[in-house]
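Take a look at the letters that make up each chain.
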Amino acid sequence: MSVTLTIDDRQVTVPEGTTIWDAACQAGVEIPVLCHDPKLRPVGVCRMCAVEVEGARVMAAACVREAEDGMVVRTATEKVERCRGMLTELLLSEQPKQSPKEATTGDDKLFELARAYGVKVRLPQGNSRPQDDSSPAIAVDHQACILCDQCIRACNDIQNNDVIGRTGKGYTTRISFDLDNAMGKSTCVTCGECVAACPTGALINKEIEVPLRPREQLKTVPSVCPYCGVGCAIDYHVDEKENKVVFVDGRDNPGSGGRLCVKGRYGYDYTAHPHRLQTPLIRVDSAYPKGPLSAAVQSSTGEYEGKRKRKRKPGGIVDYDEVMPAFREATWDEALDFAAQRLREIKEQHGGGALAGFGSAKCTNEEAYLFQKLVRAGFGTNNVDHCTRLCHASSVVALLEMIGSGAVTTTFGDIKNADVALITGTNTTSNHPVAASFFKEAARAGTKLIVVDPIRTGIADYAWRFIQIRSSTDVTFYNAVMHVIIEEGLVDEAYVQKHTYDFDKVKESVKGYTPDVAAGICGVPAEAIREIALAYGRARAAVTYWGMGMSQHVYGTDNCRCIISLCLMTGNMGKHGAGLHPLRGQNNVQGASDAGLIPMVFNDYQSVADDAIRAKYEKHWGLELDPKPGLTMVEIITGALEGTVKGMYMVGENPFLSDPNTNKVRRALANLDFLVVQDIFLTETAEFADVILPSSSALEKLGTVTNTDRRVQVVRPVLTPPGEAREDWRVICDLSTRIGYPMPYEHPEEVFQEMIELGGAYKNLTYENLGLSGKLYPCDDPENSDGTVVMFGDGFPTENGKARFVPVQQSGPEELPDEEYPFVLITGRMLEHWHTGVMTRRSRTLDAIEPEAIVEMLGEDLQKLGVVEGDLVQVSSRRGSIRLKARETHRMQPGSIFIPFHFREAAANVLTSEKLDPDGKIPEFKFSAVKVERVVAGAPSERRAASGAVRRR
Amino acid sequence: MSKIQEHRVMLKYADDPEQATLAGYRHNGGYKALEKALESMTPDQVTEEVLASGLRGRGGAGFPTGRKWQFVPETDKPKYLAVNADESEPGTCKDRQIMELDPHQMLEGSLLCCYAIGAETAYIYIRGEYPHSIKATERAIEEAREAGLVGKNILGTDFSCDVWVHPGAGAYICGEETALLTSLEGNRGYPRIKPPFPAVEGLWRCPTIVNNVESLACVVHIINNGAEWFKGLGCEGSTGTRLFCVSGHIARPGVYELECGKFTLRELLEDFCGGTGTGRPIKGVMPGGSSFQVLTPDELDCTFDSDSVQKAGSSLGSGAIMVFDDSVSAVEVALNIAEFYSHESCGQCTPCREGSDWVRKLVARFCRGEAREGDIELLMDVTDRMDGTTICALAEALVWPVQSYVRKFRSEFEAGITRRAAEHEFGGFSKPVESVP
Ligand SMILES: Cc1cc2nc3c(=O)[nH]c(=O)nc-3n(C[C@H](O)[C@H](O)[C@H](O)COP(=O)(O)O)c2cc1C
Ligand code: SF4
Ligand code: SF4
Ligand code: SF4
Ligand code: FES
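Residue numbers (this note's numbering), protein chains in the order written: chain A, 1 to 953; chain B, 1001 to 1437.
Some hints here could point you the wrong way.
[Stated by the list, open to error] Below, in silico cross-link-like pairs of lysine-lysine (DSS-like), each with a Cα-Cα straight-line distance of 27 angstroms or less:
1. LYS79/A to LYS1408/B
2. LYS79/A to LYS1311/B
3. LYS1152/B to LYS1032/B
4. LYS498/A to LYS575/A
5. LYS1012/B to LYS1036/B
6. LYS1311/B to LYS1036/B
7. LYS575/A to LYS448/A
8. LYS1361/B to LYS79/A
9. LYS448/A to LYS416/A
10. LYS1231/B to LYS1003/B
11. LYS1077/B to LYS1194/B
12. LYS498/A to LYS97/A
13. LYS1361/B to LYS97/A
14. LYS763/A to LYS575/A
15. LYS1194/B to LYS1231/B
16. LYS1194/B to LYS79/A
17. LYS511/A to LYS498/A
18. LYS1036/B to LYS1003/B
19. LYS1194/B to LYS39/A
20. LYS1408/B to LYS1003/B
21. LYS1077/B to LYS448/A
22. LYS1077/B to LYS416/A
23. LYS505/A to LYS575/A
24. LYS616/A to LYS628/A
25. LYS1231/B to LYS1032/B
26. LYS1012/B to LYS120/A
27. LYS1135/B to LYS1152/B
[As the list claims (entries may be wrong)] Not everything, but these chain B residues come out facing chain A in the computed CB check (under 10 angstroms):
28. GLY1062
29. ILE1193
30. CYS1349
31. CYS1352
Hints are computed from structural coordinates only; laboratory data are not their basis. The beta-carbon is built from N, C-alpha and C at its ideal position, and this holds for glycine as well.
Chain A extracted, bound-state conformation (with noise of 0.2 angstroms):
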């Protein structure tokens, strides 16, 4: 139905329900708006709109007030203007002189309007309003305020996050963050929606680096977030002469759709950081034999006392004055040659297999390739790896091995075209911020939400069903979920029939996981298993979201081999609302993948046993490879400290932090022979290295970075690399050569497009139709489509085109607590910071947020040792002991403990045990069995007074 009305004397037809506002934009005619944006759910509370209907008594906001046939509009009539006019002038009259936002990011709405109208304010001033600094990153003035609601809705309504209403009345409204808190002490998550949204000086950025300016005065530079795998897109504005970023937009793109999380928006000064790399560095004679050279190095692997004279305070990022001493400065060629030289040597003496690489899921596809490359033939081995074997490794092989594809199955975004989602092992409001957004704007929208996970997460607190389940109980939760679709006939045989075997295998294996004997074992109630069974049963579309909770275990494999089952059980594939989703952790682990950076496989999964296709890399590449699938990371740093791996290369990568059982990773470091480090800061692991490389973050290149959802997008040079500090394609290029392996390598689309020959996935992409937008690969007509969201509507890509069930039993974790060791450890990630915190720990923002090392436990813990919050408590393993303050949360279960693994002064490692699932070679960060002892003295009541209030969420 359309209807047909008049705007100042001009005829437009519009869908019903269409607003005037819109029908006049589609008219031509201009209304000028304040409290409107066309991305949010119109208000209709700043009357900037007012416009005149013929026949009614008052004037109708436009920006709400649906067209109706045969209305009569006018827009610019003179009661109109003196109300707009009156508008800016009230408005105006309690601004302050200047716009706080166009001294700093530039247009504000209101002194637009006010110079369109020459309003003069005749109006007493008003000046009664407050201020509010609390905030790290937000500067909030309530004076310039206009109540236009839009950082409510941004907060509310675009991020989900609830933390902005209204208080007061009359004049003294405000806005209000919770119940009238000061922004910093609220829950605030400091994702910034809300300053993008105020179109008012009301809500600022506050100066990060160097003064903020208006954006027509900054060069702007889009480009992708160089965090989490959701792959944000964002709009840099750089300040070209100082080389630094000043702020950044969120950029509208199909994946993200303009949102930010707080480190995407604030965390991106760690570039122009003083640490900066900035020469290529050899080690000093002096220096050897190899060892830490950092205090906080040695105090995490317990010889800090007393071996060195020069004790400083723990804490805070490495210090350079300790670790400088122990290198010089050298040229490129100096430094290459070295590092060639010593890797061919190693490489002649012992053969390829006693070389090893570690990529980074932080450089681009085309790094990654070249890495991988450079590795299987210039090394002459397959031992490169890179982060991913610690975060979804156990989830890519069991896809790999169910549905022969390692990818996501559909998208986040996805997520609203679903009944139910299961979102388990995924702490994804700190991890995936943004993907969390979508998935709690789902929830509100209807989708419910079953959250199941040993930790209370964000996300929980929008569930449908929140299940706390006992840790490391997963397989037996799932096979009762399992056993009660098929008890209940909610198993979709057709599907299953069709596109699947060995389904009988499940339901064999499945037959003694009743909701009963699970209850007892996972802790939760048998009626919520059924519960839940048969939500996720019934519904037309049920799609699963997984993180590292699943993955990060023993039998992580099983457990994402139990999920699989129950996805294609009931048919929940190749449907928009329904699929697997793993989400991946960095911003390119997705591509880095794709792109070979694994010990087994070539780019695009395509094996390295496999004759036939290593012939044709070997015919590409021009050389014999091996054809031994090589080392995982973890094995490869056993191999370290057996003396079987002597030289190694890493780029971007932190094994000494991000790696299980740190005290081991230590040893094995200073057990190599070689070691090559390029990255942009001097991180744990560099301390063991004999050559540095000063290599460029990820705001200094050219390439392209794939995101959870299989989103390609390039990612462009923001800044120049400081120094003499290098794009990492061009250093690995140049190694190559120099290792006597030519890499003639002009520009980074040459390498993507070489990908694509030898690997079909991103088939038909280039640089050019990317674009701004990027594309979801595989993606058949780039120049119409986004790319392709639901995969597998019909077959999947195995031998016999079927996905094949596997069955699994419950294990055991690797150690269990005990009487010495009775706490349950559970390692990752807090919102602020990123995995060894070399970024963000850099990031004056984020760092201002969570400057120290904490361990999470309840209340009730607490007491039991007799510590309260802000105490420093020893926590220790069997590997050895951190410590670090304690924090209340009420999210943990009790006798459950979490400790972030960012902090290097209390590196989580330390406490985590090696031991490896045996199919995806993960480690086991999620579960260890360690005992926690209070550190200071003194009544817990003395102690709770002195310490400050933490910020709790």
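We have chain A; now place chain B with the ligands onto it with these hints.
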């Protein structure tokens, strides 16, 4: 003795202490209307009857009640009645009489409305400062529930209806019908933009009728006695009897049930209510609560009914008649009004939130004798531009009276301008005003 007589219909048994109980109410003929409707009338017939009676809403806007009920669309959605018992308009205290002295009357009227519109739930939103009304109403509902008059299958018929009391929390704005609904939903009491009107999209986006307590009480008598009987009372445009609350400088203040159209406003005030009682003449009358224009002594000869008072430039509004004598500064009254409305502005929309506070500040300047040349024009200009631009009518409830005070007592305002302060009777008259810049 005045020629004016009270005509008690709604307050007929107000003096009977038993009337508040179910037994007392039934004894005096209570719930007969409900029985009649359920036994012998279709819902539509109830609505028709109410429409035919000419009943206009008693909450302030005076919208024909039957017409409103007819707006409820045919839909599968649940429908609701929200009884507006927030009675917060300054000077208004009539709904309270019904709730405290005769709560079953309101309840019966509510049930009749629910029957007519097909609602199975009614919420009675009672002003939080009325603890006695809340208690009395709750007691009445309990009694009625026990007697099968509220709940499932009322009086053994198919008609089921539950009734709940929801106490307000002290905000004037929650008497505005859409704010009342947002408040009922558990949100801040913010008015919503109309259209859609509540009858179409109200509580939880379902069709909802919002009616004043007194409007519903009238329904009982319309069903009992018929529309023709009701129309025979009062006059055209103001049918039936109506409760008026007379207060201020008046010899005999009180709540009176009167028929309109039979006498003039002056007769009401001077004869029936005995004049100011201060020995001084009337200076101004607010005939319908503080939200409407003030009438001066020379404007009191209009007939006392809605349409005539409207013609005289004001409104009978919520039935609160407030009188002040010539000892009172008009500027001060205007300030009082401005203070009230700026304080009660919900703060949602700009013209009202910002505008009402500036009006308050400006009027305060006059009050302190510190206004500047041009401030009168400024005041008129700002208020003019606020008119008709807001989400709800609260802003107009400020604009209309304030403008009328400026127009009708201009010299007093002029006297508030610094230079002329000393020259006028009320010049420089000032009471300390808190926190005015
Ligand atoms: C600011 C404002 C306050 C109001 N307060 C009340 C009130 O306290 N009681 C009331 O019955 N109506 C009040 N109203 C009127 C209601 O919005 C609505 O018109 C009335 O409840 C409808 O019932 P009726 O048709 O039975 O009169 C108010 C209106 C406005 C604009
Ligand atoms: S920064 Fe984000 S979470 Fe915080 S108030 Fe703004 S929108 Fe809400
Ligand atoms: S802070 Fe900004 S976005 Fe929020 S209400 Fe005020 S002016 Fe609008
Ligand atoms: S007119 Fe006043 S009371 Fe009504 S919605 Fe606007 S701000 Fe609130
Ligand atoms: S833009 Fe329509 S009311 Fe604000």
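Evaluation of the provided hints:
no., hint, result
1, LYS79/A to LYS1408/B, "holds (24 angstroms)"
2, LYS79/A to LYS1311/B, "holds (25 angstroms)"
3, LYS1152/B to LYS1032/B, "holds (19 angstroms)"
4, LYS498/A to LYS575/A, "holds (15 angstroms)"
5, LYS1012/B to LYS1036/B, "holds (20 angstroms)"
6, LYS1311/B to LYS1036/B, "violated (39 angstroms)"
7, LYS575/A to LYS448/A, "holds (18 angstroms)"
8, LYS1361/B to LYS79/A, "holds (24 angstroms)"
9, LYS448/A to LYS416/A, "holds (10 angstroms)"
10, LYS1231/B to LYS1003/B, "holds (21 angstroms)"
11, LYS1077/B to LYS1194/B, "holds (20 angstroms)"
12, LYS498/A to LYS97/A, "violated (71 angstroms)"
13, LYS1361/B to LYS97/A, "holds (21 angstroms)"
14, LYS763/A to LYS575/A, "holds (23 angstroms)"
15, LYS1194/B to LYS1231/B, "violated (31 angstroms)"
16, LYS1194/B to LYS79/A, "holds (20 angstroms)"
17, LYS511/A to LYS498/A, "holds (23 angstroms)"
18, LYS1036/B to LYS1003/B, "violated (36 angstroms)"
19, LYS1194/B to LYS39/A, "holds (22 angstroms)"
20, LYS1408/B to LYS1003/B, "violated (31 angstroms)"
21, LYS1077/B to LYS448/A, "holds (23 angstroms)"
22, LYS1077/B to LYS416/A, "holds (25 angstroms)"
23, LYS505/A to LYS575/A, "holds (25 angstroms)"
24, LYS616/A to LYS628/A, "holds (16 angstroms)"
25, LYS1231/B to LYS1032/B, "holds (20 angstroms)"
26, LYS1012/B to LYS120/A, "violated (60 angstroms)"
27, LYS1135/B to LYS1152/B, "holds (23 angstroms)"
28, GLY1062, "violated (14 angstroms)"
29, ILE1193, "holds (5 angstroms)"
30, CYS1349, "holds (5 angstroms)"
31, CYS1352, "holds (8 angstroms)"
The structure does not agree with the numbered hints 6, 12, 15, 18, 20, 26, 28 stated previously, though it agrees with the rest.
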